[in-house]
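There are 2 protein chains.
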Amino acid sequence: MKKIALLGHGVVGSGVMEILTKNRKLLARQAGEGVEAAWVLDRRAFPGLPYSQRFTQDFSAIREDPEVAVVLEALGGVEPAYTWARESLLAGKSVITSNKELVAEKGDELLALAAEKGVHFLFEASVGGGIPILQPLRESLTANHILEIAGILNGTTNFILTKMFREGAAFGDALREAQELGYAEADPTADVEGHDACRKICILASIAFGSHFYPREVRTQGITRISPEDVAYAARWGGAIKLIGRARRAPDGRAALEVSPMFVPGDCLLSGVNGVYNAVQVTGDMVGTTLFYGPGAGKLPTASAMVGDLITALTQPAGSRPLPWGPAKPELSQPWEEHTAQAFLRVTGMEPDALETFFPGARFLEPLAEGEAAFITAPATQGELDAAQEAAGAAGGKVLSRITVLEGSR
Amino acid sequence: MKKIALLGHGVVGSGVMEILTKNRKLLARQAGEGVEAAWVLDRRAFPGLPYSQRFTQDFSAIREDPEVAVVLEALGGVEPAYTWARESLLAGKSVITSNKELVAEKGDELLALAAEKGVHFLFEASVGGGIPILQPLRESLTANHILEIAGILNGTTNFILTKMFREGAAFGDALREAQELGYAEADPTADVEGHDACRKICILASIAFGSHFYPREVRTQGITRISPEDVAYAARWGGAIKLIGRARRAPDGRAALEVSPMFVPGDCLLSGVNGVYNAVQVTGDMVGTTLFYGPGAGKLPTASAMVGDLITALTQPAGSRPLPWGPAKPELSQPWEEHTAQAFLRVTGMEPDALETFFPGARFLEPLAEGEAAFITAPATQGELDAAQEAAGAAGGKVLSRITVLEGSR
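Chains as they are written, first to last, in my numbering: chain A, 1 to 410; chain B, 1 to 410.
In case anyone wonders, no lab produced these hints; they're calculated from the structure.
On a predicted model such as this, the values are computed, not experimentally measured, just so you know.
Among the clues, some could well be false.
One copy or two, either will do: identical chains are not told apart, so a pair holds if it fits within one copy or between any two.
Claimed, not checked - Computed cross-link-like contacts, DSSO-like style, restricted to lysine-lysine with a CA-CA straight-line distance of at most 30 Å: (1) 2 / 117; (2) 398 / 106; (3) 3 / 329; (4) 106 / 22; (5) 329 / 22; (6) 25 / 2.
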């Protein structure tokens, strides 16, 4: 019997226990012997559960138990998750986590520590919930230089944008419904401002580029200013608005990371990813474009990814592959102003003819309201688009929206 | 320097050489040291190539070279691929293949032999070309009982069906264009009759159910009889026709495998997979529905999957996980007549009222031509639908088409 410990018995943690119980026989076959949670750490007591006697509030009991080979961390947040993950690794235990904040802030350090101790630090569940994406990126796609990763990485915002698209709902109303259905938290900031998606694109980019990217260095824009009019224009253009986390390899090899709502063309599968689902599109120099889709959050999907990692930790030797990434290299990041992009703009107070002098090559869409113009710019850098927008503003054009276009990559 | 041998310098084999050359540094980093093809076996000579002196026509030179640790097989067909794969494994060399025929016919035997010899037998490239699907299924999703796999597994037929859908083209015309573009072979039988897709769903089902499934035992129907009218009805119904390879877990635990054109609903991502792309939808009891999408064939995508496996073989110990599958268990297969399904039917010579007595619960679509009726049946077994069709036929109703519906699984 292989013994593990679970930190946190919330949504995801209780899902892990459910899988360990329901699929006990399957897991024993996969792991070569039975798998059992010897400890469950939580501040709360759960007296009604069949495993209620395994609960503890004392992490040191887990750290000091020599029979525990793997610690599954499902607490969320940087502390105490970081301290306990670190101590577990130092004690020679593998660590599996679903905690994107922890990985995005401390991934390089914990990976190096795990390698030093000859154990695993795995976190498939931290990006895309149940979707297998990190392992394919690290293993099946290793023959490729990754050119671009673009993903719908947050289910809450995708639910809201889907609602806005299908029903013409306003952001606030769609958010309220997401909260009523339990898809959004009472404080939805981390989701709707893009912070959650940002942590995930940082993890993906760290694997793709081999060095750590910190969320605080990534320009991150949420969906709170997306209006029903913007959504209607996206439909008229033939696509949809999605909150996209993107990491591109610039021609000079630098990494261009950003999180923002984007116009996604209708022939890109990402435009058809709706509700709380997530999807990650990965383009490699040899394979071309692939896409991974599935439930991006939720109890059992996220727990499924953690238990998948657990089987890997129990059966595979650690350290047979090179470290997925090392310390951050700030010079590797291309500043946002230098990113090349096309953008959708909606402007009042200026005629198309005048706008074209500021935005040469603009392709105008049929306006949805009198007195406004809407167009897709020619490719430029974001800095150039900033300057053009400022100049048009000085000449009386009021920019109501500017939304980057995700170029068709199929 | 790690030495490998390549069998077959056709489309895929030359792609492998291209990746080994172009991404040499990346691969050296991934493998821990450089990787080099010491031998390339082909009946033809390629005098102009920088590695032309590595060519041989003598397999025994490869088998007897103790420095060759991995053999990559890209010949296609069962022989001589089977003999050489077997001899390579017997000589203690790992084998990587893109050959779905080989794996679908001999997979259980070669897997057992590889395990016995402590080496790898890997075949990510045999299903879905460059799409990572077998490894995620075997590793990331191990916490799940797989309930259903449904995939667009053949690019040629998907190109043809996309053409028929978008342009109303007839099957023969779309096939001709596929041949002109190099997407279909001069003898397109294996593609258009579904045999290629059948080999791939057998491989996927073998992993999902843990025992070998032979293509000859799977009811396989191609797309040659799909008419523009059928395609138009699918659009009217709100979806598209796709050639689907499917393996479902029946409530009694048996496996229901089939290959056939299906009506795919518009809200299922598979309906938006167009052209030569492939996609595989995997439903697990814990994770729910996931989907893997990408280029299902082609030189570099397929070679990308082979080289990904190569890095795995060079860095991971063999045999740390249980065998993906063992010998066939014929009693595990649910006969096609017992599969539950809904179907689309197009009938002439019988009014809806009369049809409803044979197909109770039928939902009629607005007919596209006078004198015909089109409807979706209520769920039944394929055997029951056979019987109803026969009875309706005896009463004067002529069935022009019957196409299974892929139930919405999102």
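For each hint, the structure was consulted:
1. 2 / 117: both (20 Å within a copy, 27 Å between copies)
2. 398 / 106: So residue 398 and residue 106 fail the 30 Å test inside a copy (42 Å) and across (68 Å) alike.
3. 3 / 329: For residue 3 and residue 329, the Cα distance exceeds 30 Å both inside one copy (38 Å) and across copies (34 Å).
4. 106 / 22: Neither. Shortest intra-copy (33 Å) and inter-copy (33 Å) distances fail the 30 Å Cα cut-off.
5. 329 / 22: between (44 Å within a copy, 25 Å between copies)
6. 25 / 2: within (13 Å within a copy, 39 Å between copies)
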